[in-house]
Structure formats: structure tokens, C-alpha cells
Amino acid sequence: MKDEVQTPAERTANLKGMGTSRKRVEDVRFTQGRGNYVDDIKMDGMLYGDFVRSPYAHARVVSVNKEAALAIPGVVAVLTAEDLEPLGLHWMPTLAGDKQMVLADGKVLFQGQEVAYVVADDRYVAADAAELVEVEYEELPVVVDPFEALKTDVVLREDLAGQTEGAHGPRKHHNHIFTWEAGEKDATEAVIAGADVVAEEMVYYHRTHPCPLETCGCVASMDKVTGKLTLYGTFQAPHAIRTVVSLISGIAEHNIRVISPDIGGGFGNKVGAYPGYVCSVVASIVTGKPVKWIEDRMENLMSTAFARDYWMQGKIAATSEGKITGLWCHTTADHGGFDACADPTKFPAGFMNICTGSYDIPTAYLAVDGVYTNKAPGGVAYRCSFRVTEAAYFIERMIEVLAIKLNMDAAELRRINFIRKDQFPYQSALGWEYDSGDYHTAWDKAMNAVGYDDLRAEQAQQLEDFNAGKTRKLMGIGLTHFTEIVGAGPVKNCDILGLGMFDSCEIRIHPTGSALARLGTISQGQGHATTFAQIIASEIGIPADDITLEEGDTDTAPYGLGTYGSRSTPVAGAATAMAGRKIRAKAQMIAAYLLEVHDDDVEFDIDRFVVKGAPERFKTMKEIAFAAYNQAIPGIEPGLEAVSYYDPPNMTYPFGAYVCVLDIDVDTGEAEVRQFYALDDCGTRINPMIIEGQVHGGLTEALAIAMGQEIAYDEMGNVKTGTLMDFFWPTAWETPNYQTDHTTTPSPHHPIGAKGVGESPNVGGVPCFSNAVHDAFKSFGLTQTHMPHDHWRIWKTANGLGLHG
Amino acid sequence: MIPAGFEYHRPADVASAISILKQHGDEARVVAGGHSLIPMMKLRMADLAHLVDLQDIGEMKGIQVGADTAVLGAMVTQHEMITHEGLAAAIPLIREAALQIADPQVRYVGTVGGNVANGDPGNDMPGLMQCLDAQFELAGADGSRTVAARDFYEAAYFTARDDEEILTRIHIPVPSAGTGYAYEKQKRKIGDYATAASAVLITMDGGTCASASIAMTNLADTPIWAEAAAAALVGTSLDEAARAAAVAAAIDVIDPVSDNRGPVDFKKHVAGVILRRAIDRAASRAS
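Going down the list, the sequences are from chains A and B. Using the working numbering, read the first sequence as starting at 1 and increasing by one per residue. Using the working numbering, read the second sequence as starting at 1 and increasing by one per residue.
For the record, the hints were derived by calculation from the structure and aren't laboratory data. Heads up, a few of these hints could be off.
To be verified - Straight line, CA to CA, 25 Å or less: simulated DSS-like cross-link-like pairs of lysine-lysine: (1) A:LYS289 with A:LYS228; (2) A:LYS720 with B:LYS61; (3) B:LYS22 with A:LYS470; (4) A:LYS720 with B:LYS268; (5) A:LYS445 with A:LYS470; (6) A:LYS228 with A:LYS470; (7) A:LYS796 with A:LYS720; (8) A:LYS473 with B:LYS268.
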């Protein structure tokens, strides 16, 4: 056999297991245009839905006249809230314990809100008919400022009138949603009152949008003969969607099949449930035909889930030597018209309480007030775990502001406050147990890699030249050390709508030694089919190329909570390893039987079990698989399959050290990134090439957010950035070169030590770009300005500092 | 983003296209590259019953470069302008400007005729053509006429072209040898309209500026040919005072509006910076 002449290194390489930069198996179809996205689905007799949307941010809906629309040939139905009410579907529950109108029920609360749903036998006819639905509105006063919302008499949510108790405790005002607190208020305020130095700042993380390349959509198909509903859609959590559809529609869960086909990016935008899904399901049930709904780019930006919009008032206290003694934060969270955040139920402000960051801060307090405004609902985790980018941005700005106050180098300030390696597992003041970390090593590696001291010297020279009139450019050095909290999460404290946030993997080894694995997650570009096969390859010893991976079909995949919050590797990746180990345990018994030795006398060796001390006596996994199915083995039932449902004991805490160097043209406000160094520590690295791709993608989205991307409203609640002309999406032209690096600090509680990486670069990237902009102007007295740092805002900063003469 | 229904026409010559326009009046519009019109139709902001596609009209294509004049067919794409060596040698300003329009995919399809005829103040070619003193040839039912680029633009999307006329060709005087040129543009990202852009031509005679032409883009509801700004340079040695005077004169005649790119004071400041850079570059190239 060929095997026998191969070295252990060759046998390991054959597996393409963990640590291998295996090429993405998905890309074969994606690069040839053979992906299968929801809009590629075509079914006989399929109908098309389109929405009539509100042009107003706050208005009463006086009447809806469908007549002209229904008169067009090909129009099947025009649904309004009145039509959905008898089914109890004119409102739907949100993931945050609130409820949301499916179609406008008497009023609208944001521009772009769904008012009527047109169904036609042709996509173009549906659009024509939507234009002919006559809606009479009576405009109401618009509230776009969350601080104003808490003062005004204007009531946004009349349906909640008199309700002083919300899903997350008492409501203080008719536009107030919840107050959420962590840490110790009195102790923190006492520390701040007695501190040597206190820096205080309002840190605003503006409203933006995940804006995936593929917008949201679905095809609902009710088979009236079998009574089964099949729902294809852009779902980051197909099983959760199945359960929610069952709960709100009354259709038994076994009669619902949810399928997430290929998904063109999610970034949190595709976690929640949208009116388009509900209306399509209703339309299919009523007509008995498949109904497709695909939103366009403007609808996606205006109405489906936004991200961020956190006003974070902070105070940070330190000794005069720079040791941080306390952190205080009060956040005003603008949730829009409905609270449709996609957070674990017990965490209405997500994991914002990771805002002590990478630092050993003994005392801290956080309060978050959620507020209704006349903006689109959402508040999803855009390429981050729940509210973790907000937390990272907050602490990394507060550190910079404190460094200014202390007149201390910000790199050194970080270094003296990092949680030390010997403090892990570390209990944070706001309630988390950090699993592992080695921040000093990562930081020193980063500082050495970029030549930090030389950069500061160059910056000083540049500043001197600027002041001497030799240049109009300023150099900024942005630093960030972030700690994420990902992998939600332990069922004891993490659920969404009561659904525990475990995840799952089922593996079937075929008789010839290849395999099929199914997971409860769903890839949206992360490369699961590539990386999870690598975990199995290393755990079981069969080549990754011989493993098919399937996700996204609730009829076949084991139950799981889906992919977002960097949870796939920490949770489903752990389930995969554990399922693999179950198979390996059975394989060990089979091998022992075949080798005629005791179970304990064989050991796993790359792709086989060998007799201890006699490596020439072995059975390969291929041989074991065949025997498992085809040989009668006493005491062992046939087959070689396993399933694992993994409830993680803790979150994982990836971290990283980033440095950005940019040059600012003070006359035009343009900023050019000349260097970006990103060191990520995501624990055990499964596929270094995919990690690098993830880091590049996340940094580019971070660049977008920090430097220009926003959902902006005017005072009338009109969306000013509803197209890609104004909503900044970087192209290759705007994207700088990235220098990636890593350290490896495995998670002690994860079966393979992996922590997750897809969101780290966004969490760390945004503060890093922003800190660089701030740093460029630091010598002129700037302490804090707000993102996005587009040309105008940078120019305004320069202008305000008197740099235009 | 689904357009309303329309009738699609694809005539093979200018006369047929004009007769279709004549037949349908303001119900019909011509389309060249479609980068402005098609999105407007998808947004249902342009509502038209007849779309007249000009891409099969051979007589509206091609680039001819003569000793004194270059003639561009209206259907010449930005990509063709960039890659035409004769045009680049005769009027390098065109290549420099065209390379700053959007991205290669857009430039393969976008045409010079569509860019100048639509009257969109954000387009780059109108200001460029004013700077170059181009003449637009308009074909109508009763024959052709020419209108100077500098007289063509009346307001945003309103031009001297009648509804039943088609802009067929652009005649551009070839600048004399040694003319300095520059097209300078600030934009937020690839594919965006200019925050401010400016086209500059400068000829020198000995150490003195013999002639100059300056146009500003997306800083008013039409392109601005800044005659006084150019005049501030002519007869000078292009010293600091002259350049500053030209910038001041240009800022005086622009009238930008506040939008997502920024407010008026920012745009005026940036316009001055951009123009100054264009003057400096053009001056450095003039001989």
C-alpha cells in the first residue's frame, strides 16, 4: 500500500487538516458563476412580491386605496395590515422582546416602513402596481434625536401607551425602551470622585449598515396538498427562523422546512426576521403558489437592520502614573421605531459590558438606555459580536483621551494597564471571565513590527515641517488593542427568544472512508465547507477533500442557532470536534477488534490506529470505516456516525494589536492610509489563508465605517444615504494594503483551542483608523471628534483648529 | 429599482433616430451609455414611453484627429478616448480627465456625448469641453447646427439642445504645442461625482502667460467657465499673486450647494485648493 511508504509528515499533509491553508472549496462554484442564491430560485407559477413603503418618517396612515393597483392585469393581491390582522400577523415579535408592525397598522414610524405588499405574476407588474397603491398620510412630528426623544411629548409607540414595564424592565418615558446596567455604580463614582486624573468624553459611534452584497430576500412555497411550507431565504439562522415561523404562524414545526441557499454576505443584516418574509409566507399560503420577495439596495439600506448608533458618555479615572482605577459609561442607544436588536435575550445592550477592553480596570459601571426614534429598527451586530465594536471603540477612544490628559504615550498607557498573562482566567469588573490572553507579547510584537519609536520620530519631524510651512500634510498613528467576546454562548445565560445558543454537528462516515458532515450554522462567505472539513480531517484522520459539508437545510441539518457573532468556530467548531471524537472513540474499538488487541492497546496516529509500541501493526481509518459497516463486530452496532450538540462553558476572547499610519491633507480633508498592521490572536488557527481573507475583509469594512460609511437622516427623518452613491463602500481603489501577523493563545475551554476571527478586524479596525485621524491633530489640541472621518469632517476639524490660516 | 414599461428603439442612422424623436415628442429620450438615464428610469424619476438607443449609429462613432481640430463622435466611449494615442498626443487633457471618471467598467460603456449632453452638473466632460472651447454639433430634422460648449449649459439638465435634436459630434480645437494642462478632481470614492474639479489650460510665450482657460465642475448647477480667473493669469509670469488672484476670481463665480459631500464653505475652500493644484500642474507642463 502507498500509505506504508509515506512519512508521518506526508500523511498529515494528505489530510489538509487544521493549520493548512487549504483553498476554499466553495470558490469553485462562486468563481464560475455557479452559486445558487435565493434570487436564482425559480419555481413553476412563482409570484412576486413588492412593498409600498412610507415616504414619511412619522405619519398616520389615513387610508390605503388598492383599486388602481388591483386593476392591473397580473396583480393577484395587495395586502395591508387589515388583511393580516385576522391571522394575527399584522405585528410580529422581534428578537429583542419587542413587537414590530409587519405592515403599517394605523401609522408609520420610519421612512421606508412597509405599508402594503403587492403580489403579482411578474416582478415588473408588481412594481407597477406598488406605484399605483394610493396611501393617504397625515404627517406627525418627527423625532430623530434620541436625547430629544426622551424629553418630547410626541409619542412614537402608541401601541405601548401606559406600559411602564418593557421586556427588559421599567420604562422611564413613553419613548424609552429599557435601562440595562452592569457593574457597581456607587463604587465607580466614588473612585472617579477621588481619582488623581479623570478624562471625560462623549464618544459617538454613528449609525451605519451591514449592507451585504446580496440584499435580503426569500421564496415561500406552501404546498397545499402536503401542508408543508418550504421557505428559502437569506437567513443567518435558518433553524431559529423555522421555530419563529412555527410559533407565529401556528404551522407545526415539522411542516416547515427552511433552506438558506448560498448567501452573499450577512454581517448581521440577515439574522432577524423581516416583514418581507412574513408577507411572502402569508401570500403563499393564501395563493397556494410560491412567492418570491427580493429587496433592492435602497430598501436594504433604508429598512432592514442598521448597526451601531450608540452615544457613549464616558469617564475614565487613573492615578497620576497612569494606572487606570475606574471606568464609567452611560450609553444612549438609538434603536429606531421598534427594538429589533438581535442580541441574546438577557443582554438588551449585547455584550457592551466588554467595554473594559484589554485592561485591568478594578471598578466599572455601565448603563445603557434604549430609546425609540423615527428611524429604521435594527441594532444588529455588523461584523462583530453583539455591541462589541461599540465597546471596543469606546474604550480605545477613552484610553487615547486619558493619554492626552496624562500627557503620556498611548502605547505605554496601554502597556501598563493590560491584563497580565498570569491573571487569566480574568474576572472583569463588568462580569465576564476572560478565558486566555497574552496581551503584552502581542503588543510588543506589534510595536516592534511597525518600528513604533521611529514612527513617532517621523511624525514629530512631519509636524515640524508642517509648522514651518514645508508641507500641508499631517501624519497620524492609530493604535488599538482590542479584546472581543464571541461565541455566544452558554445556554445558562445566552438564548434568543428562549432558544438556547448551543450549536451542533452531525458526521456520517461512509463505508469507503469518505464523509458527510452537517452543521447548525450557515456560511455566508466564511468558508465553512473548507474549514470545518479541516477540523474533521484532523480529528478523525480522513482527508478534508473526502468530506462533504452541508448547512442551511433544516430538514437535514441538526438544530443550531446559526452564524453571526463569530460563533461558528467557537460553538459549531467545538461541536464538530466533539462529534469527531465520538467517531474516533468508536473507531478505536473497531480497530482494536480488527487488530486483536485490547482497546487501550491501540492509539490514534494521524490517519490510523496503531498498536502501541508496534506501529507496523495498524488499521487505517478507511479500513475501519469499511469494517464498521460490513463486519459483524461483537458488542458494537454497525455504522460510524455521531452527532454532537455543544453548549460552550464560556465565551471565547480573541484579541489583537493593530497599528494604522495615515497622512492627512489638511486642505482637502483627504486621508491616505500608508500602513496598516494587524496582529490577531484567535487561538488555534484552522486555515491561515481564510483567516487572512477574513482580516482583509473586516479591515476594509472597518475602513468604510471609520472613514465615511453612515446612515444619515435629515431633521424630517429622510434617509440621506440611501444609495451606494452616498453610502461608502470601498472598492479596490480605496482599500489600502494590509500587513497581517499573529500570536497564538489557545482557548483553554474549547476542544481545539480556537476562538473565532471573522469579526476581530472590524472590532479592532474601526478604533484604529479613527485613532489615527485623532492622533494627527492631537498636537493642535484635538481630543475627540466623531466618525465617520470623511473629507468634510476632517476638513472641519482642521478648520476648527485654525489650520487653514 | 424596477423601471416602468417602455418601447425600445434601435435606429441605425441619425435621421431615423430624429424621426422617432419627432414622432413621440417628450415621450422619447435617446440613450447612449445609459449611466445617468437608466438609474433614473429604475428609480422611476425619469418616466418615458420610448427609449431610443443610439449604439447602432455608425456615423456617431469614431475619433478623427486633424492638425487644428479633433472630432469625437458622440458615441465614443471614455475608454476609447483614453486609449486613442493620437488624441492623447494632441489633447492630453482629455485622457487625464477621462481617467478620473469612475472605474474601467463604467468607462467601457459611458460615452462622451451622453456625458456632455445630459446637462448633469456632476459630469466631468462638460467643464472639460468648456475649457477646451469645444463646439457641439446638434442634428435636427432641419439639418445640423453647432453650439459652443461655453454657451450650451443653461441650468441643471437644461441645455441649448432642443428635445428633437441629437448631439452627434464634438469638435475640439487642438491646443498649440507646449500648452500646459491639468484636470484635478477631488471625490469621496471611485464612482462618485466630484466634490470639486477643475480643468486648466495655459500657454506661455517666453516667461509670460499668453493664454489660459479654466473651467470648474460640480460647483454650480452648470459647469463654470471662469473667464475672469483665466484673465488673472494672462500677461503675468504666473507668479504667486497671479495664481492667487485666479483662484479668488474662480471662487467668486462658483455657486456650490450643500450635500452629503459637505457644506458650501467646505466646497468653496476645496475648489480653491483643487484649482490651485491644477494651475500649478498646468504651469509646470507649459513651455
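Here's how the hints hold up against the structure:
Only pairs whose Cα atoms come within 25 Å are accepted, and A:LYS289 paired with A:LYS228 is accepted, the gap being roughly 12 Å. Between A:LYS720 and B:LYS61, the direct Cα distance comes to roughly 39 Å. Violation of the 25 Å bound is thereby established for this hinted pair. Taken as a hint, the B:LYS22 and A:LYS470 pair is broken in the structure, with Cα atoms around 61 Å apart against an allowance of 25 Å. Annotation: proposed proximity of A:LYS720 to B:LYS268 holds, straight-line Cα distance about 22 Å (limit 25 Å).
Of the pairs offered as hints, the one joining A:LYS445 and A:LYS470 is violated, with about 34 Å between alpha carbons and a cut-off of 25 Å exceeded. Distance hint between A:LYS228 and A:LYS470 is unfulfilled; the C-alpha atoms sit about 74 Å from each other, more than 25 Å. Only pairs whose Cα atoms come within 25 Å are accepted, and A:LYS796 paired with A:LYS720 is accepted, the gap being roughly 20 Å. Only pairs whose Cα atoms come within 25 Å are accepted, and A:LYS473 paired with B:LYS268 is accepted, the gap being roughly 20 Å.
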